[in-house]
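**Student:** Below, each chain spelled out in residue letters.
Protein chains: 4
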Amino acid sequence: MIVVMKKEATPADVNHMVQRIESLGLKAHVIVGTERTVIAAVGDDRKTHKESLESGPGVAEVMPILAPYKRASLELKPEPTQIKAGSLTVGAGTIGVIAGPCSVESEEQILQCARAVKKAGATALRGGAFKPRTSPYSFQGMKEDGLKLLAAARDATGLAVVTEVVASEDVPLVAKYADVLQIGARNMQNYRLLEAVGATDRPVLLKRGPSATIDELLLAAEYILNGGNPNVMLCERGIRTFETHTRFTLPLATVVYLHAKTHLPVVVDPSHGTGHTYLVPQMAAASVAAGADGLILEVHPDPERAMSDGYQSLNFEQFAATMEMCRKVAGALGQKM
Amino acid sequence: MIVVMKKEATPADVNHMVQRIESLGLKAHVIVGTERTVIAAVGDDRKTHKESLESGPGVAEVMPILAPYKRASLELKPEPTQIKAGSLTVGAGTIGVIAGPCSVESEEQILQCARAVKKAGATALRGGAFKPRTSPYSFQGMKEDGLKLLAAARDATGLAVVTEVVASEDVPLVAKYADVLQIGARNMQNYRLLEAVGATDRPVLLKRGPSATIDELLLAAEYILNGGNPNVMLCERGIRTFETHTRFTLPLATVVYLHAKTHLPVVVDPSHGTGHTYLVPQMAAASVAAGADGLILEVHPDPERAMSDGYQSLNFEQFAATMEMCRKVAGALGQKM
Amino acid sequence: MIVVMKKEATPADVNHMVQRIESLGLKAHVIVGTERTVIAAVGDDRKTHKESLESGPGVAEVMPILAPYKRASLELKPEPTQIKAGSLTVGAGTIGVIAGPCSVESEEQILQCARAVKKAGATALRGGAFKPRTSPYSFQGMKEDGLKLLAAARDATGLAVVTEVVASEDVPLVAKYADVLQIGARNMQNYRLLEAVGATDRPVLLKRGPSATIDELLLAAEYILNGGNPNVMLCERGIRTFETHTRFTLPLATVVYLHAKTHLPVVVDPSHGTGHTYLVPQMAAASVAAGADGLILEVHPDPERAMSDGYQSLNFEQFAATMEMCRKVAGALGQKM
Amino acid sequence: MIVVMKKEATPADVNHMVQRIESLGLKAHVIVGTERTVIAAVGDDRKTHKESLESGPGVAEVMPILAPYKRASLELKPEPTQIKAGSLTVGAGTIGVIAGPCSVESEEQILQCARAVKKAGATALRGGAFKPRTSPYSFQGMKEDGLKLLAAARDATGLAVVTEVVASEDVPLVAKYADVLQIGARNMQNYRLLEAVGATDRPVLLKRGPSATIDELLLAAEYILNGGNPNVMLCERGIRTFETHTRFTLPLATVVYLHAKTHLPVVVDPSHGTGHTYLVPQMAAASVAAGADGLILEVHPDPERAMSDGYQSLNFEQFAATMEMCRKVAGALGQKM
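Residue numbers (the working numbering), protein chains in the order written: chain R, 1 to 337; chain B, 1 to 337; chain Z, 1 to 337; chain H, 1 to 337.
Just chain R, with the same shape it has in the complex (with noise of 0.2 Å):
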């Protein structure tokens, strides 16, 4: 860490403070400048030190030098992870497909969306059986019969099954019939639910929330990793800013970013970052050209009759095409998919 200390601070406030960091088992290094004085910290500051010492007399910033996350970090680990998970393989350069509804609504729906998206070459089955809802009116899902359905749909196509979890409570029922782990962005940080989801062995799809940072969401996962369970697939789903032609705002260099600081891989949401379905095809493209590891997309047999993000969901033929486009970029830059 780099304690920055205000023009004013006097000998007095530096000395307090190199006393404070070296309370915390730091070394200090006092660097006088032409205009201010700094203090370098130098020890393992992953824990919350920056933020005591930032109270600190005659302090004007703390500066961290280390990543705040560890187990997820590339410097731990340098080689990609690549999780598999039954039909699902994602990583070190395969690209993993994930698609089907937002919200399963009944056995022939989801059968017929499982049959679709395999023979499109889709590599796992998604689909929603507990909601979280924006509101207390809308369609919270089909619950434990939702559950089996999926199930019903993998015994049927072999497509691993991706669905997700809202409560810590729920896991071991979840589990019971999922493949992997879907963790919501609403639920980025129910760090209950991400310790739960840490003690299973199930394979984690931790999606971003819409305003959380990189290092949030690492350390999120960091969660999920610390509980034990190595197996973390980080997924884009798009963050909030001040546009509305989109609903949210699709930001692909956070691939790029994340290939830079962690081993774990990436997948992305053009359904969700885009919100309109006639973005999500070239969105996919795009993802895969910034060298995302998977893709999940929301397809629905009748899509202006879903229950939930018909808006954004494909039908069978667009998600035919998409896939199509996706394969020649995956192809032309030499990924498997």
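Warning: the hint list may mix true and false statements.
Simulated pairs of lysine-lysine, DSSO-like, Cα-Cα distance not exceeding 30 Å [as the list claims (entries may be wrong)]:
id : chain 1 : residue 1 : chain 2 : residue 2
1  : H       : Lys148    : R       : Lys6
2  : Z       : Lys118    : Z       : Lys328
3  : H       : Lys6      : R       : Lys50
4  : H       : Lys261    : R       : Lys77
5  : H       : Lys119    : R       : Lys50
6  : Z       : Lys261    : R       : Lys328
7  : R       : Lys50     : R       : Lys7
8  : H       : Lys148    : R       : Lys27
It should be emphasised that the hints constitute simulated quantities derived from the structure, not laboratory data.
Go by the hints and put chains B, Z and H onto chain R.
**Tutor:** Same frame as chain R, now just chains B, Z and H:
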């Protein structure tokens, strides 16, 4: 709702949408404009019909007319809601002040705090026992021991206790000790938790998520109200923007806007809303001037040694001076504090 | 336009608004809903009537139906505009590549650059002679001497020259040397300057301001089109969001959205859009996959010693590799580059 | 500056950077940490060395220590600057109030306005003659005729005139009539214009761009100060965020932050900062409570018929009531208004 058709929409598209609207139980009025046709859909459109209409053929956009929340709306209940919890009164002309440390750290710390903030005029005590922390390596709170210390501080001072609950399974335990249940910003859309506090008889302090829209905040409140608990205080604690000189951006116009939309009282948190001690006093006074029904402030006997949030905590003198300034503003504007 | 009345609006308020709408030359249709009345105002509402109706008694909100721009819209001109300027062709299936240093620094630097980027496949040369700099203490460009060096580089390589003009009074001078006039992001709403370039016969590269909405960008283009210059390339160069790991956030969905709204070609600037050299190559490839009609890239013989923007510049090898990757993606998707 | 090296940086990289730092005239201190090496570069680093160091081999990040502005800084001039222009005094304990219409529309309108705002306590008159408008189809202002009407209103009431100048070539003309030159938000980084007003003897009201950082605002002020004009009022007028219930987000903590960094006075614009008439009065009072040195408010005799900005203008009664409320808050806090 107003369904705006694309310029190139065909009469068949318009007919299709009229039928869709009527199949949803709404009445359709077609208005042929000079460049586009729009269809007004009349009726109660609070359910998520908007989403499905957006996927219709030839549809450019769907614009809702009614607010998505109902019980929280001023249209349902025009007079402001006043909430009482022991020593704390919030709303309808009375400004409540909730003050105390970010985390309960020890018996001495919390008792000392409770006495100091009471003396300076606070009407409730805050203090975290269950702490949701960004990093798994940070201090996570004293849990039930912390709750017991809060209850002891209430016994000693008479101050109502406001404390956070982070998971639905903890609600009975926290409700045993607390006068007001706080839902933190990260959990604003943890619907299982909202339902759980909606089923208790404890008033709830609901913090706005840093990227939540006001409609999303009011819909989160709607979950609680809909569960049978009418006592929800909304709390503005800052949003995430491009600004970096403050930790969050505190938009005080929220207070005025909410007063025009909802009967629920509005509390402001200038500690999290700015993230720096030196910004807190004037932003607290500004909150009062903007019409806030309450303040929640972090106060610590020794911020430099606080186990969390020291950088944004007031010490006792700073808190007393802040109260003094706020009381002057409240007095000038004819409000009780 | 749709004028939404408040729930408490009186019949007199509604009558007043009907008269106001008709006094503006529009036709009013009153629709009485279950909870609110809305008035549809039919006619060409591109003028700023919206603003004045919003101040009417009992008005809750005014929602426009028509886009505020006209000449830029796809509704006016459905086929894509292709722009040619010397060696550069952009749009309608052809991807132009504009590359070169942030600033012209010397004859050797710009000539070396021009030759290197041409060899790697660029179709135009960029380079700043008038530099708008955040700090008055930074290098401000070589001014006319820089323009002369750019022209010399064009003579030597045949590459069209793209360079920024920062003030209306400089337009004649810059137009003397440049093939394309660039309007920088900071000047997107410098209307005097937009009018000045609108009066020339030089194609214009118009950069989006970092907090401009797409409508604002298209209205800025409208100033140029309205001035009689039909050749405007829109340029997405990143927006300001809460993200800090990139300098700006590059929202590639803009490309797809603009293609659905306007006939003008869309260029992407991954150098400014990310702000870090290592993020540029994959974001360039992603831009092509998203359907960009052009790329503008910063390239410098020795980025570490560049007088500006070295941190986001590619060196010659990096640029050649980026071009190679982009060509593969373009080829896979059937686009010329 | 602190140069943070990557974990994998080699001793050669570190040596290279030490030499680079020294070649820039700074002194280098190498600090070998447990995981990384950092190099402190001591000296005046206000020039853009940061940028070029960032491109060095093995460099992870460069963190500046000194603020990039100098003349605007409190370190250079610790006592607050008070600015006087005719009837207007702003700063150092005196709150100036600038009020009037968005646009000058007619002699009657501006005279009526001037008299009404003076009566209610305003100390200067605002009014736009040159209007930068988002759309080329909107009213663009009365130009010099408008300036003459402003001067006539000054003659009639004694109020100082504050009006916008949009291009460097207009500065002499506007300065002939105006007491204070306003730089609008869209022109905050129009450096040619900043230099032009920096060369006059008229005080300048510099509005923050909606996505400008505070450092960028202070650097824009620095252009003016550096040009020899010491009288710059900074104006917070709202930033662009994801919020849509207000047109911009008004972050009042800016006032407190600026007071801690600069001696220049800070004016708040609650009209543009909220974009809705009903939000203005309380946000004006909150601005005063936050410590603003001045207010700038839009007032119109008949907002519904205003040629611009009617939706955010106060009528005369609303302005008088707002002044009343603000004076109470100012009085309670011991400030002159």
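**Student:** Next, verify each hint and record whether it holds.
**Tutor:** Hints, one by one, checked against the model:
1. A threshold of 30 Å between alpha carbons decides the hint, and for H:Lys148 with R:Lys6 the separation of about 49 Å lies outside it, so the pair is violated.
2. For the suggested pair Z:Lys118 and Z:Lys328, the alpha carbons sit about 18 Å apart, so the restraint of at most 30 Å is met.
3. For the proposed pair H:Lys6 and R:Lys50, the alpha carbon gap of about 20 Å is at most 30 Å, so the pair holds.
4. As the CA atoms of H:Lys261 and R:Lys77 are separated by approximately 43 Å, the hinted pair breaks the 30 Å bound.
5. Proximity of H:Lys119 to R:Lys50 is assessed by CA-CA distance (about 53 Å); at most 30 Å being required, the pair is judged violated.
6. Between the alpha carbons of Z:Lys261 and R:Lys328 the distance comes to roughly 27 Å, so the proposed pair stays at or under 30 Å and holds.
7. A C-alpha spacing of about 20 Å is found between R:Lys50 and R:Lys7, which places the hinted pair at or below 30 Å, so the restraint holds.
8. Among the hinted pairs, H:Lys148 with R:Lys27 is inconsistent with the structure: their alpha-carbon atoms are about 68 Å apart, more than 30 Å.
Of the numbered hints given earlier, the model fails hints 1, 4, 5 and 8; all others are met.
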